[in-house]
Amino acid sequence: MSDYKVVPGPEAFLPPAAAQMGIALPDPGEGHIEGRIVPEDEAIEYAARKLLAAKVPTIFPGPLVLWHWNDKAAKKAACIREIADALPARLIPMADYRPKYPKIDAAVEINPNHPNLTIWHNKIDVCIFVGVHCHQANLALKIIRGGTDCYTIALCAQAGHEDACLSLRDVNPDTLNKLTACIKKLKSEGVKSEAEPFEQFKFSRENRKPAYLS
Amino acid sequence: MNKPVDFQKRELKGYSNVQIGEKSKYKDTQTYTDPSFLFNEAEATPAFMTGSEVIREAIKRANIDLSVAYPITPQSEAAALIGELYAEGYMGDYFRGENEFGVMSQCAGAAFGGARVFTTTAGPGTLRAFENFPMWSGARLPIQVCVTMRGVNSPLSIQPDTMEAYFLLETGMLVWHAETAQDLFDWILKGYIVAEMPDVHLPIAVCCDGFFVTHTKDTVVLPDEKYCLPPYDPYRSPVPCMDMECPPVRMMRDPFVMKSNYISYMTQASWQLEVRAAIERSRKHTKALIGDLIECENTDNEIVMIASGTAVSQSREAIRLLGLEGINVGLIKIKTLRPFPHEEITEALKNAKKIFVPEFNVAGWLAREIRAVIPNNERVVCGPHVAGGMTMPSEVIADEIKKAMGMKVSGMTARG
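Top to bottom, those sequences are chains A and B.
Reminder that position 65 of the first sequence reads as 75 in my numbering, one-by-one numbering, no gaps.
Reminder that position 227 of the second sequence reads as 582 in my numbering, one-by-one numbering, no gaps.
Don't read these hints as lab results, they were simulated from the structure.
Every residue gets a Cβ at the ideal spot worked out from N, C-alpha and C, and that includes glycine.
A few of these clues could be false.
Claimed, not checked - Here's a subset of chain B near chain A, in silico, CB distances under 7 Å, partners left out:
1. 591
2. 621
3. 623
4. 624
5. 628
6. 629
7. 632
8. 635
9. 737
As the list claims (entries may be wrong) - Pairwise CB distance ranges (calculated):
10. B/525 to A/195: 46 to 54 Å
11. A/206 to B/396: 34 to 42 Å
12. A/17 to B/464: 50 to 58 Å
13. B/372 to A/184: 58 to 66 Å
Stated by the list, open to error - Computed list of lysine-lysine pairs in BS3-like fashion (alpha-carbon distance at most 27 Å, straight line):
14. A/113 to A/133
15. A/195 to A/85
16. B/581 to B/380
17. A/82 to B/382
18. A/188 to A/15
19. A/113 to B/614
20. A/133 to A/197
21. A/110 to B/614
22. A/133 to A/202
Please work from the sequences and hints to get the whole structure.
As structure tokens, this is what we get:
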């Protein structure tokens, strides 16, 4: 197996794709922690501990869960909100994939082509990607590893992401609920959330204009 | 090194959009069949047919949505035979493109919309179409193109000349090289399974040597034609499917990253790495379907030949001829050129003292690929190789090895 570890950066001017460094994706029922294949439950608990220990834990929901394009998407969105509440964690959406540099409002959105701007601006130390198309997620995960020290967690509905520091595959509402349950269990056992106080951002046409218009 | 593959337990079925056993939406005499069953257990009978006919038989069972053709002369019959399949109701659509570039662009359009697409190409037509191939990869379109390789240069030829495969190596596509008509049949079907995996999702070129495979007859074992692959599920794609009815499409599919700043450079570079990463991910799916990426015979010998395509068959016969003279030679058949089986080749060649690379092209590119990945690469002899448009008799391969051993050879030029 490979000696390469998928750990937070800043790693390189151009970090390699983890797959090219010999990191393989988990099979069904498994996850990976920093490139090491583990049972799914172990990865879930490790993710929960990482998120609780973070100062600025943040969830990046992508288009596949932001839009009610089928019932499963809506269900997942509700589960993701429960994770955010249980931690607590910020929710910063990745609404689409168009590059927005330099006009992006990094306080309230993330973009796969320059995700580092959002990480840096909000000082995010642990994040979750969920509902992002796999190609776009891998693009963003590599860029984040290249230039930031953020610990990345990818909750993937397909085969998982070796470019994340931790990844689960075949993620469905049940998997998301498992993560929520694990967070609550750890908290009941005395593990405290280290998250700094914050106010959950809410998109509203009335109250907020994009930064570049203000 | 990638994770070891459990051939027995690996799940091949990646389809949630239909039920196995449902009737095909195109041909009601066919049913969607679990790929593991289709490849391993379905009742099958031998048939004697040309490579072009074998392509037709594979596509009959591939449940494709669309094929675009631009047959020119000289050509294989494959595209025309697929047209007959369309007339018989085996696919959703089939038409002739304006030219080779048009064909590949039209294939892209269909794949963007979520169709399973097949086309064929060869020779100069491949080069005319070429701009599309890296675009397919960058856009993560799992189109399959069967490349019936022949000469790309002038004067034209229908003899095998593997330069097309060489040019395809860095397009970001999966590139497999079939030796026989049976390989070709199996790999066209299995190629779709690998190419459409969400973690791979790349175009695939299933290459074979023109004339030797396409125009000659061989025995091929075919599963019953009542079976077909389940349809492609575009909603498992790693990029948004262009479905105008569903909200995620209301975004630009691929970013415009031509701005001159670090952010744009980084996006472009990471994008390219992701395509290469997807090729790496294909290894474990490929091994589960076609076995190891190389096949080894007697590689503990000091002399080993390594080849792909019909050069493997020619080498096998050369090894038999050399064996008659008491010279023992090993053989490695390379099945996939991308992903390139560098670790497998390095391991298989660890004891070889002299390595010969017979090739049907003027460049000797496979020898260069091997030299680039193995230690002590002075062991590699770049040849024998012919310059395209010319056959490479087994005796020529055997003579090359005997010459390297300091033995006398008779030569073939006097045969006329």
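Evaluated hints:
1. 591: With a closest approach of 6 Å, the residue 591 of chain B hint holds.
2. 621: 6 Å, holds
3. 623: 9 Å, violated
4. 624: 5 Å, holds
5. 628: Since the shortest Cβ distance to chain A is 4 Å, the answer is holds.
6. 629: Result: holds, 5 Å to nearest chain A Cβ.
7. 632: Residue 632 of chain B check passes; min Cβ-Cβ to chain A is 4 Å, inside 7 Å.
8. 635: Holds - the Cβ of residue 635 of chain B comes within 7 Å of chain A, reaching about 4 Å at its closest.
9. 737: It is violated, given that the least Cβ distance between residue 737 of chain B and chain A is near 27 Å, above 7 Å.
10. B/525 to A/195: 46 to 54 Å: 50 Å, holds
11. A/206 to B/396: 34 to 42 Å: 58 Å, violated
12. A/17 to B/464: 50 to 58 Å: 41 Å, violated
13. B/372 to A/184: 58 to 66 Å: 20 Å, violated
14. A/113 to A/133: 19 Å, holds
15. A/195 to A/85: 22 Å, holds
16. B/581 to B/380: 13 Å, holds
17. A/82 to B/382: 31 Å, violated
18. A/188 to A/15: Holds. Residue 188 of chain A to residue 15 of chain A sits at ~26 Å (cutoff 27 Å).
19. A/113 to B/614: Roughly 13 Å separates the two Cα atoms, so the pair holds.
20. A/133 to A/197: 24 Å, holds
21. A/110 to B/614: Holds. Residue 110 of chain A to residue 614 of chain B sits at ~11 Å (cutoff 27 Å).
22. A/133 to A/202: 20 Å, holds
In summary, the numbered hints that this structure violates are 3, 9, 11, 12, 13 and 17.
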